[in-house]
Amino acid sequence: MPIGAYLILSGVLFSIGTLGVLVRKNALVIFMSVELQLNAVNLSLVAFARRLGEVDGQVLAFFSMVVAAAEVVVGLAIIVSIFRRRSSADVDEVSVMRW
Amino acid sequence: MGEVITFWITATVSVGAAAFMLFQRNAVHAALLLILNQFTLAVLFVLLDAPFLAAVQVIVYAGAIMVLFLFVIMFLGVDRREVLRDRIRLQRPAAIALWVFLVAAVIFLIQVGVGLSEPRLPPASGDNVRAVARVLFTDFVFPFEVTSVLLIVAAIAAMVLARRTGEEEAETRAATRSAPPRPEEPV
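Protein chains in written order, with the numbering used here: chain Y, 1 to 99; chain X, 1001 to 1187.
Keep in mind the hints are simulated off the structure, nothing from the lab. Be a bit skeptical, because a hint or two may be false.
[What the hints assert, rightly or not] Cut-off 25 Å, straight-line C-alpha distance, at most; resulting in silico cross-link-like pairs (SDA-like, lysine to any residue):
#	chain 1	residue 1	chain 2	residue 2
1	Y	K25	X	I1096
2	Y	K25	Y	A5
3	Y	K25	X	I1110
4	Y	K25	X	T1147
5	Y	K25	X	H1029
[Unchecked claim] Label-pair ranges, simulated between beta-carbon atoms:
#	chain 1	residue 1	chain 2	residue 2	range
6	Y	E93	X	Q1111	41 to 49 Å
7	Y	R86	X	R1134	46 to 54 Å
8	Y	R85	X	L1116	30 to 38 Å
9	Y	L52	X	A1104	25 to 33 Å
10	X	L1151	Y	S88	17 to 25 Å
11	X	I1096	Y	V67	47 to 55 Å
12	Y	V80	X	L1116	22 to 30 Å
13	Y	R85	X	R1025	19 to 27 Å
14	X	A1097	Y	V67	29 to 37 Å
15	X	F1075	Y	S64	46 to 54 Å
Beta carbons are placed, not taken as given, at the ideal position from N, Cα and C, and that holds for glycine.
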């Protein structure tokens, strides 16, 4: 397969994730869409690493997975914390800049 | 030839799972479709000669992160109905219009920048895990150490954020004290 096919698949997955972030209201599903975007970018990093014949891109994708894991932990803790206060995981409910 | 067939099947399943995830009302179903999507990405990593990252993808994403997602979904309750009414007028049509523009721009840029018919090059080394380890522990050893700090900070931050505050705990204790005592409890 040409590398461009992998890149286009990565771009399509990224844009599906973007659409999810824009239209969904449930904070958890929005968060899953962000994960989808991160995964799509990882795919493009690995595809570019393959094209250049180097593993640097793979190492970068590895780091992005580690950061994604840390981000998920903190993000889910924030969602749980908001849910305790407001009993809702709807992002439109959290529109005031105070508790 | 086998690679082409595998790619097309995997790509179809991957895009299908991602698209269906968008339309799932149930958060658990969305999470399961995302797990399917991450497995297909692991297959694509194998096709791209990155078996180490494929294993990490399955273990970290499909294993750890999605279990955490499912845990939080169960914790918050899955029977809640999502309100799909927009606070901002025309948010959804504008989002879809911008999305179409994004897809077109990304495909156009890939076609101009890389091209769709470029042949692929042979890999740099035969042993992927060894090559990744060599780069990771020589050129990227400082970022590697920094990520360990990041993980510890994230773990502590999650504990602090998800912990109940003092007054909430007092409320819970008051609520349990005012409840009638259970008969089997010795006084």
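Cross-check of the supplied hints:
At roughly 15 Å between alpha-carbon atoms, K25 of chain Y and I1096 of chain X fall within 25 Å of each other, so this suggested pair holds. Pair hint K25 of chain Y plus A5 of chain Y does not hold up; C-alpha atoms about 32 Å apart against a cutoff of 25 Å. Between K25 of chain Y and I1110 of chain X, the direct Cα distance comes to roughly 31 Å. Violation of the 25 Å bound is thereby established for this hinted pair. Restraint check for K25 of chain Y and T1147 of chain X: not satisfied, since their Cα atoms lie roughly 31 Å apart, outside the 25 Å limit.
Simply put, K25 of chain Y and H1029 of chain X have alpha-carbon atoms about 16 Å apart, close enough for the 25 Å limit, and the pair holds. Distance hint for E93 of chain Y and Q1111 of chain X: a CB-CB separation of about 42 Å, consistent with the stated range 41 to 49 Å. Distance hint for R86 of chain Y and R1134 of chain X: a CB-CB separation of about 49 Å, consistent with the stated range 46 to 54 Å. Here the CB-CB span from R85 of chain Y to L1116 of chain X is close to 50 Å, at odds with the stated 30 to 38 Å.
Roughly 27 Å separates the CB atoms of L52 of chain Y and A1104 of chain X, a value that falls within the hinted 25 to 33 Å. The hint said 17 to 25 Å for the Cβ distance between L1151 of chain X and S88 of chain Y, and at roughly 30 Å that hint is violated. As the Cβ distance of I1096 of chain X to V67 of chain Y is approximately 30 Å, the hint placing it in 47 to 55 Å is violated. Between V80 of chain Y and L1116 of chain X the beta carbons are some 44 Å apart, a value that contradicts the proposed interval 22 to 30 Å.
As the Cβ distance of R85 of chain Y to R1025 of chain X is approximately 24 Å, the hint placing it in 19 to 27 Å holds. Judged by the Cβ atoms, the range 29 to 37 Å given for A1097 of chain X and V67 of chain Y holds: they are separated by roughly 31 Å. Roughly 27 Å separates the CB atoms of F1075 of chain X and S64 of chain Y, a value that falls outside the hinted 46 to 54 Å.
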